[in-house]
Structures are given as C-alpha cells and as structure tokens.
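S.K.: As they're listed, the protein sequences go chains X and E. The first sequence runs contiguously to residue 356 in our numbering. The second sequence runs contiguously to residue 252 in our numbering.
In case anyone wonders, no lab produced these hints; they're calculated from the structure. Note that the structure is a prediction, hence the values are computed from the model and not measured. All residues carry an ideal CB built from backbone N, CA and C; glycine is no exception. Hints should not be assumed to be uniformly reliable.
Some chain E residues near chain X, calculated using beta-carbon distances under 8 Å [unchecked claim]:
{"no.": "1", "residue": "GLU148"}
{"no.": "2", "residue": "HIS186"}
{"no.": "3", "residue": "GLY188"}
{"no.": "4", "residue": "ARG191"}
{"no.": "5", "residue": "PHE230"}
Here are the chains, one letter per residue:
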Amino acid sequence: MTSGTIIETVKDAIAVASTIIESAEKEVCWLVPAPLLVLAAHFNLNDKSRVLIQKGGQERGITEISPLYIEAVSAVIDIGVDIRHMERYGGTFMVVGDGRQSISSMDINAQDLSLNDNIVAFWTENPDYAAYLLSSFESTWAEATNAQKRMEELGADRPSHL
Amino acid sequence: MLSTKEEFLWLSPREGIKFSEVFGILEAETEFIERGGECRGITDVTYRVVDIIRYHLDIGADVRHFGDYRGAYFGVFDKKHVISAINIDIQHLRLDEPLSMLYTDDPVFADYLVSTFEMFWRSKLFRPKSE
C-alpha cells in the first residue's frame, strides 16, 4: 500500500479536505460530524463544492442532522450536494475524491471541535485505501435517511433566508 | 497474531468483541501473551461483553473502557501489520454481515492507527480497570 501522511490538527484536516474537493473532477464523498460542516463553510469548502458541481461533478455527504445544524446542512444542499442523515454518528470521518485521494480519521470528538484541536487523521492518494473507505461509505449511504425527510422529521423546514 | 512478537493493540465496538470470540482470536491472544507479548485493548465494556472482557484481563491483556464507542475496529500488530474495518451502526454482527476490511503492512498507516489508539488510551473518558 502506498503510504500517506498523518494529519494532526482540525485546521490541517480542513485544508486537506479543501484540496481533495478542489482537485476532484468526478465525485467527492464524505462522512463528517455536523460541527465540521460549519468550520468547513468558514473555510470556503462550500465554494469548492459549488465549483465541482458546476463543472459536472457530484458530491454526496453523510452527517447526523440535528436541529442545531439544519442551517449548515441546508447550505450544502442548496449547492447541490446530495445529503443523507445517519442516526447515532460514530465519530468516523472521511472525505474521498475521485476514488483516489482521501483523508480519514477513526474518531473525531464532534462536540468540541475547534481549528487548533489535535486529531489523528490519515491522508493518502492510495486508490486501494480510497476503495476501502468508499465501500464503508456506500454501506452507510444505503442505510442513511434522505436529508429532507430527516428535516421534516425534526419538524423544521429549511430556513427561508437560505 | 501468530507471527506477532511484541505488541498487539486493538480498538473495537462491543459488537466486534463478541465477534472475536467466534473466530478464536481469544485463544490466539492467550498464546501471544504466554509468549511474552503485550496486549492492550479499548472497547465499550458493558454487561453484554463483561465475561469476554474478564477473560482478556485474566490472560494478562490490559483493557480500557470507552463508553458507547461505536466507531471503527482495528488491530495493530508490532506497529507494522494492520487490520481495520469501518462498519458503522452494526447492531447484530453476524458471520455473513457485509464488512469492508483493510489489511496492510504500511508503517505510516500503522503509525496513524497507533497514534489513534494512544489518543484513545490517554483520553479522560477512560476509566482504568484499577479504579
């Protein structure tokens, strides 16, 4: 297996994720804790996603949608990202671009994320590792709930100003 | 495990603990520790798995508790060989359950998982068995 790089802070993980989205041409898949969506938006990852989709690429994402993060989720839905909700998010984090580049972490403490927090994540361009992550992503995707349905369950319509 | 000489680290949701009993991993772990190997593990110690965890402790493994852990499974052998599985929300693990697993001897990936393990091990969420 081709080696990779260990990423040690949330800030660096977001920078790597940004690079992965920016360099992708076909599809980006991600599984992230919802608080990370807020941080990612502050670092213009939504703009990278918009460009990818405008170029004809696809982006699919899985997160745990709770009332606190409906606005952040709605923002990425409006870009054109296909979002699903997973119940009882387990802390695994991954972003995979074009079945090649990936960054992943076994566990991120989703509740207390800040940019300078230490994490342990793995960044690699190994397609075998990307395939492994995507296999897990697809099984989770198949079991996950459509985001709109989830938001209806929460009784919260998308904010009108978005 | 049979070729591991010094250290075996594992992190597992409790479903994986039950799974290990089926595959005879406990026996292999016993043999490994009897050869002088060091074994440390982290899982969600609940009543459902308490007998298996007690067995791990009795044979000399060091196990710590992470409440409600539902993340990935991995094992690292001598900081080199790695087996890892991300399978989220498995409620009832069976032998025919679809599962994606990765095996590699990439030292950087092993280093990544060892670092992850040590981060968990040091976490204040843990309650050492001696307390």
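S.K.: Any CB of chain X closer than 8 Å to the CB of E:PHE230?
M.R.: OK, holds: E:PHE230 within 8 Å of chain X, min 6 Å.
S.K.: Can the hint on E:HIS186 be confirmed by a CB-to-CB distance to chain X that is less than 8 Å?
M.R.: Since the shortest Cβ distance to chain X is 15 Å, the answer is violated.
S.K.: For the hint on E:GLU148, does the least C-beta distance to chain X fall short of 8 Å?
M.R.: 27 Å, violated
S.K.: Quick check on the hint: E:ARG191 CB to chain X CB, less than 8 Å?
M.R.: Hint holds; E:ARG191 Cβ to chain X Cβ min 4 Å, cut 8 Å.
S.K.: Can E:GLY188 be said to touch chain X, with a Cβ gap under 8 Å?
M.R.: Nearest chain X Cβ about 13 Å off; hint violated.
Consistency with the previously given hints fails for numbers 1, 2 and 3, ordered from lowest to highest.
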